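**Q** Letter by letter, the chains look like this.
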Amino acid sequence: MKKILTAAALIAGFSTVTQAQSADLNSLLNKVREGRVAESSEHKQREAEFAQRRAEQQQMLDAERRTQAQLEAESARLEEQRRANETEITAQVQIRRDRLGQLQELFGVLQQAAGDAKSVIQTSHVSVDHADRLTGIQTLVDKASDTAELPSLDEIRAWPTQMMLEAIESGKVVTFDKEVRGVDGNTSTIKLTRIGDFGLVGEGKFYTLKNDGAVEELQRQPAGRFMSTVDSFQSATSGLAAIGVDPSRGQILNLEVEKPTLMERVDQGGVVGYVTLSLGAVGVFLAVVQFLYLFAVKAKVSAQMKSSTPNTNNPLGRVLAVYANNKNVDVETLELKLDEAILKETPALERFLTIIKLISAVAPLFGLLGTVTGMIATFQAITLFGTGDPTMMASGISQALVTTVEGLVVAIPTLLLHAFVAGASKSVIHVLEEQSAGIIAVHAEKEHGHAA
Amino acid sequence: MLLNQAFGAIAQFMERGGDVLYMILAVTFIMWVLIIERMWYFTLEFKKQKQRVVDAWEQRHERKSWYAHKIRTAMISEINNNLTSGVSMIKTLVAVCPLVGLLGTVTGMIEVFDVMASQGSSNARAMAAGVSKATIPTMAGMVAALSGVFLSTYIERRAARESERLEDSLTMDH
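Those protein sequence lines, which keep their order, are chains A and B. Numbers 1 to 452, taken from the numbering used here, label the letters of the first sequence in order. Numbers 1001 to 1174, taken from the numbering used here, label the letters of the second sequence in order.
Please keep in mind that the hints were generated in silico from the structure rather than gathered at the bench. Remember, predicted model here, so these are calculated numbers, not experimental data. It is possible that some hints are incorrect.
Only pairs whose alpha carbons sit at most 30 Å apart, straight line, appear in this in silico DSBU-like list of lysine-lysine [stated by the list, open to error]:
#1 LYS1047(B) to LYS298(A)
#2 LYS118(A) to LYS191(A)
#3 LYS298(A) to LYS1050(B)
#4 LYS259(A) to LYS178(A)
#5 LYS426(A) to LYS1050(B)
A few chain A residues that don't get close to chain B, going by computed Cβ distances all over 12 Å [claimed, not checked]:
#6 SER170
#7 THR371
#8 GLN435
Idealized CB from N, CA, C, for every residue including glycine.
Build the full structure now, drawing on both the sequences and the hints.
**A** Below, the structure written as structure tokens:
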């Protein structure tokens, strides 16, 4: 390459350089000739090299073609083998089926029974303190549903074993430590007692078994009379101890959670309900106050009836005092003065009676008002959402019913209390109105009788 | 054996009717205790008291003065108080019985609607418990009220009649 460049430079220089340099040109020509010779020999060498390489490649190609042919032959052989194997397998399965005969059905039954047992064990309280019960049954279920493999005798035995365990443990009361989930979602380990397959109790509370096998505290515990039995039941070591048992294995207790509490019930009554209940509270309070007052008055009056000197701490005493202060007036004036004194005493004795009676009469009316407003709410819900969803109507209906209950709950005790208080007040007023004059007359006769 | 069966039937009835039945039972029990007490008083106690009052009146040396008049009123009033004590309570209890029955009806209906809210309206069997709690107390309240209503009227009228007779027997004209 350098030579060519030199030549080109020389040729370029030729036009500018003078003729005097011709001697150099000859040497240059020679040089170029020599260069050509050298180049041609180089080319020949290259050609030879290429030809050799080509031959080599051809050889390799031939070799690879032979390998391909070999492998194709192998593939065909294996395909043949596979086909043969498949036929063999079909034949063997047929043989197996023939040999299995009636056992085939038996395994079907086993599969079903194992599936049932699995669901029983999953939901059973016994699994709480017997962990890993499910693995044996799960293996059996898997194998029984898989046609390729037969469960072994040991694996089949897992099923009756677990069912026996279930039956035996259902009749036992067992206490053990167990991690439980509280209402707040935190887990803690407590002493848990399992009552057969019916329920779980611990630390004075009832627990429920969740589908995932976790033990959870009931969101809302049952009535106190059941709760109070838990501790004594847990601490009992022998003999009989009472405990509330849910025979539906948790369903009834879970319904209990949905049941509203008393306060929630009261809240369903709404404003009308609260007004009714406050009226009732006022009525009961007034009745109790007045009853206690009358009770005290009655005791003093009966003490007064036994004594001859008038004591001004009670109504009868005050009426009798009128006579003691007016011993010398004539009977008509005395009677007028007595009437006046009695009239002065009655308001205190009849105090609150009208309002209690009024409350007992108005409470059912308030209940009715709540019923009607509740029904209006219900019908509004029906207008908006239709009758398809009963939960939409539920709040109106519960308001209607709860207010009625509240009306009655207020009316019944106030009615009874009114009867009590009115009776007490009437008996004192009777004494004042009809017997005070008689008592005065007896006293007067004693004084004048001896004198007369 | 028969007694056991009877107790069983009663227990079953009480269970179906719910807790309100116990309230009705209590109200009815008190009502009947008061009624029987009145009957006892009318037939036995009252006659003795009446005799004592009549004797006391007859032994008076004069029966025409203002004093005598007032003493007579006091005597009658005392007996009258004895005669009518508890009568208003019986009447109130008679009036309360249907109210308690109604309370049972409404609480039963609440139970029905609770079931309806949680199980839908298709489960008639689940609602049956609430329906029986709604109907049985109503009936029981009515029966209890009816059992007392005739006797309470009778007692009231008898008290008024005895009081009048007493008044008649305390004569002022001799």
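**Q** For every hint, state whether the structure bears it out.
**A** Evaluation of the provided hints:
Between the alpha carbons of LYS1047(B) and LYS298(A) the distance comes to roughly 26 Å, so the proposed pair stays at or under 30 Å and holds. Among the hinted pairs, LYS118(A) with LYS191(A) is consistent with the structure: their alpha-carbon atoms are about 27 Å apart, no more than 30 Å. Of the supplied pair hints, the one linking LYS298(A) and LYS1050(B) holds, its CA atoms being roughly 24 Å apart against a limit of 30 Å. Distance hint between LYS259(A) and LYS178(A) is fulfilled; the C-alpha atoms sit about 28 Å from each other, no more than 30 Å.
For the given pair, LYS426(A) sits about 22 Å from LYS1050(B) by alpha-carbon distance, which is consistent with the 30 Å threshold. In this structure SER170(A) is separated from chain B by more than 12 Å, as the shortest Cβ-Cβ distance comes to about 27 Å. With a least beta-carbon separation of about 9 Å from chain B, THR371(A) fails to lie farther than 12 Å from that chain, contradicting its non-interface assignment. Taking the minimum C-beta to C-beta distance to chain B, about 4 Å, the non-interface status of GLN435(A) is violated against the 12 Å cut.
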